[in-house]
Amino acid sequence: MAKEKISADQLISVILSGIEDVKGKEINILDLREIENTVCDYFIICEGTSNTQVNAIVNSVQKKVSKELKDKPWHVEGEDNAEWVLIDYVNVVVHVFQKHVREYYDIESLWGDAKTTVIETSY
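According to the working numbering, the stretch in the sequence shown is residues 19 to 141, in order.
Derived from the structure by calculation, the hints contain no laboratory data.
This list has only true hints and no planted wrong ones.
Each computed DSS-like pair below joins lysine-lysine, with the alpha-carbon atoms no more than 30 Å apart:
no. : residue 1 : residue 2
1   : Lys85     : Lys41
2   : Lys88     : Lys133
3   : Lys43     : Lys81
4   : Lys41     : Lys23
5   : Lys81     : Lys133
6   : Lys41     : Lys90
7   : Lys43     : Lys82
8   : Lys133    : Lys90
9   : Lys41     : Lys81
10  : Lys133    : Lys43
11  : Lys133    : Lys41
What follows is a set of in silico ranges between Cβ atoms, one per label pair, in the way DEER data are often shown:
no. : residue 1 : residue 2 : range
12  : Tyr122    : Lys23     : 29 to 39 Å
13  : Lys23     : Lys117    : 28 to 38 Å
14  : Lys81     : Glu52     : 23 to 33 Å
15  : Glu54     : Asn77     : 32 to 42 Å
16  : Lys81     : Glu54     : 26 to 36 Å
17  : Glu54     : Glu126    : 11 to 21 Å
18  : Val136    : Thr67     : 12 to 22 Å
Here a beta-carbon is modelled for each residue, glycine too, at the ideal position from N, C-alpha and C.
Please work from the sequences and hints to get the whole structure.
Dropping the structure here:
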């Protein structure tokens with residue numbers, strides 16, 4: 019039986035839910051589809067307050083996507099020091115930062131042409 023294709027919207031929704039389950043902060047979605055030569059369609063960027071929370075966010079996202087969509091990341095990088103963890107789902111890439119590392123690399127400015135959606139959280 020062939021695996022059914024998961025839409026980007028479904029994947030983003032489940033990823034956001036996974037981030038919110040462990041109170042990830044400052045969540046932004048960057049829509050890169052209108053920009054030429056990008057590596058994916060969307061970046062989801064958020065931050066945790068410590069190595070522990072960054073790892074909790076990463077684990078929550080992976081578990082939730084695995085359970086609800088039966089999908090796993092193509093690649094995960096940065097889990098060892100948990101300052102910037104990248105979870106690559108091919109057309110959606112999740113960046114989980116600690117605040118100081120996020121400010122240093124400032125991905126949102128690097129991709130300033132992208133349409134940005136700020137996700138409001140209630141915690």
